[in-house]
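If you're matching them up, the sequences are chains A and B in order. According to UniProt numbering, the first sequence is numbered sequentially starting from 1. According to UniProt numbering, the second sequence is numbered sequentially starting from 1.
Since the hints were derived computationally from the structure, they do not count as laboratory data. Some hints could be false.
[To be verified] Pair by pair, the computed Cβ-Cβ distance ranges are:
{"hint": "1", "chain 1": "B", "residue 1": "N110", "chain 2": "A", "residue 2": "I191", "range": "35 to 43 Å"}
{"hint": "2", "chain 1": "B", "residue 1": "F13", "chain 2": "A", "residue 2": "F262", "range": "48 to 56 Å"}
{"hint": "3", "chain 1": "A", "residue 1": "R117", "chain 2": "B", "residue 2": "T25", "range": "29 to 37 Å"}
{"hint": "4", "chain 1": "A", "residue 1": "F262", "chain 2": "B", "residue 2": "Y53", "range": "43 to 51 Å"}
Ideal Cβ placement from N, Cα and C applies to all residues, glycine included.
If you want the building blocks of each chain, they are given just below.
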Amino acid sequence: MKNPLVRQALTLWVPLVLTYVIVLLLVQAGVVDAYMQVTIATICINIVLAVSLNLITGFTGQFSLGHAGFMAIGAYATALVTMRFDSIVGFIGGLLLGGIIAALVGFLIGLPTLRLRGDYIAIATLGMAEIIRILLQNFEFTNGAAGLSPVPQYMDWTWFFVLTVGSVMLIRNFVRSRQGRDAIAVREDEIAAESIGVNTTRSKVLAFTIGAFFGGVAGGMYASYFYVIKPEQFGFLKSIDILVIVVLGGLGSLSGSVIAAFLLAIISTLLQPFPGVRMILYALLLIVIMIFRPQGLLGNRELSLRLLPGLRKRRRDDAGTEAA
Amino acid sequence: MSILDVKQLTRSFGGLTAVSHVDLTLDQGELVGLIGPNGAGKTTVFNLLTGVYPPSSGTIVFSAHGQTTSIGGKAPYAICRAGIGRTFQNIRLFKELTVLENVMIAFQQNQRYPLPTSLLRLPGFGRAEDEIRDGARELLEVMHLGHKAEEYAVNLSYGEQRHLEIARALATRPTLLLLDEPAAGMNPTETANLTRLITQIRQDFGLTILLIEHDMSLVMQICERIYVLDHGIVIASGTPDEVRSDPKVIEAYLGEEVDHA
C-alpha cells in the first residue's frame, strides 16, 4: 500500500535533505573551513567516478583501466566552455558537453573492444586513457602540459550535492532495470546471457557509454572546482585511484563505492602532505582487503540489504494473497 | 511440418572433426532424443544449433511462426530470439542472482521498455517490471520453484538448478527447446518427476523438444524418435525400439567383440 513510499521517504529522502541542509548551514556558519570543503568536494567527485566505474567493472564485469581518460575529457570540455562562456548556462552546457563527448569516446572505444573478452578491454582502455592524456598535452587549444587556468568556479555545495546524488540515483535506476539486469547477466555468465537472448555486446557498450558519461561529468565537477587542470592529473594513477575505491567498496555495490569514496578521500586528504606514503598506504590497503575481504567492504550487496529482504517478502505475500 | 532441418552439419576443431555430416530433422511438436557415448559430439551439435560456434560446413534451417531462419553464423542471442531455447550440461545459472532474477532476465527479452524509462523511472516502468516479475514467477511455479524465488541460485540443490535452467529457457518463449542432460545427477525419483514435467511443459507450451540424455529409462520412455551419435556421425536413428536393437548402437555403447583399439 502506501508503506513502500513512506519507507523510501524515511530511508532515502529525509537523510539526504538533512545532509544537504546541515552541510549548507555549516558552510555558511563558517564551521566548515576551506580545507574541509576541499575534502567534501573530493568525496563527491570520487563518488561519481567510483559509481560510474563500478557500473562498468562491478556490474557489467568489464575491467576498465581508463576511467581517468573520461574524466579528463569532461574536465577539459567544462574548462574550455566556461572559460569562453563564463555563465551558469556555460557551466551546465560544458558539464553536459563533457559528459556527452566522454560517452561518445566510450562508445567508439567500446564498440570494437567490448566484443573481445577479458584482458583486452583492460589494455584497450588503458591505451585509450593514455592517448587522451597525450593528446591534451600536445593540442594547442588545451594549452599543452601547462593545462588550463583559471577555470571559473561554479561548483558549490549545492551543485556538488545535486550532481552527486543525481548521478548515483541515475546509475542506481539503470542497475535496477531491464538494461541493468542484462548487464549483470553478462557479468555472471556471458554464454548463458547470450543463450537467453541478451545481446551481450550491446549490453556492454551501453553500460560502458553510460559509465563514461558520468566519468566525464565528474571531470567537469573537478575542473569547475579546482581552478587548474593539467593533463598529468588524469594519468594512469588516477584511473587506479578510482579502481581502488571501487574494489575497496565492493564490485557491484553502489553503496560500497560511496562508503569507500568517503573513507579514501578522508585518508587521502589527511595524507596529502606525504604523497609517497599515500600510495604505499593505498597498496597496503588493497593487500589487506585482498586477504581479509576479497569481495570488498560490501561485496556485491547494497547497504540497504537489511531492508530488502523485508520488501521482498512483503511483495511475495502480496502476490500470494492476490492469487488466493 | 518440419521445424528444424539440419543438413550435412560438420564442425572441426583443428584436426578433430567433432561433428561430421550430421542430418537431423525435427517435426513440429516432436520429442526427440540425441544419445551416444561420451565425446560423441552431442553437446557440440547443441552448440552449433545455438550459435556458440559457427558450423564448419552444412546448413541449419529453423522454421517457426511462419518464418524460416538460416541459423549458421548467427549470434546466439539472435538464434534465441528466433525461438530456440536451451539448457546447459554444465549448469550455467547467474549464481549471484536470485532464482526469480534468473528467470526475469530471460523473460524481459520479450518485454522491452526504453532506456529513459529505466533511468528516469518514467510512467510505465512499474507496470513493465511487474509484468516481467509476474511472468517469471508463473514459470517458476510451473517448474515447482515458486517457493525458492528469493533464494540465490547458487544455494539451490543440483536438481533445482536444473529445473531453474529449464524455467529460464522457457522464459525466452521458445518453439524449440534443447535440453542438455536435464536429468544428470538426479536420483530415480527426481528423474521420474522431471520426466513427467518435460511431457507436461511440452504439451502446455506447444514445444518441440530435442534432448541429450544418458538416462536410458528417461529417453526410452518419452522420446518418440532417437538419433544415435558416435564419433560425430549419426550411426542410427528411429523409434526407441528400432534403436535399441540396432547392432551398430550396441557396438558403440558396449564395443565390438574383436578388439580394434
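Quiz item: Against which earlier hints does the structure fall short, listed by number upward?
Solution: Violated: hint 1 alone.
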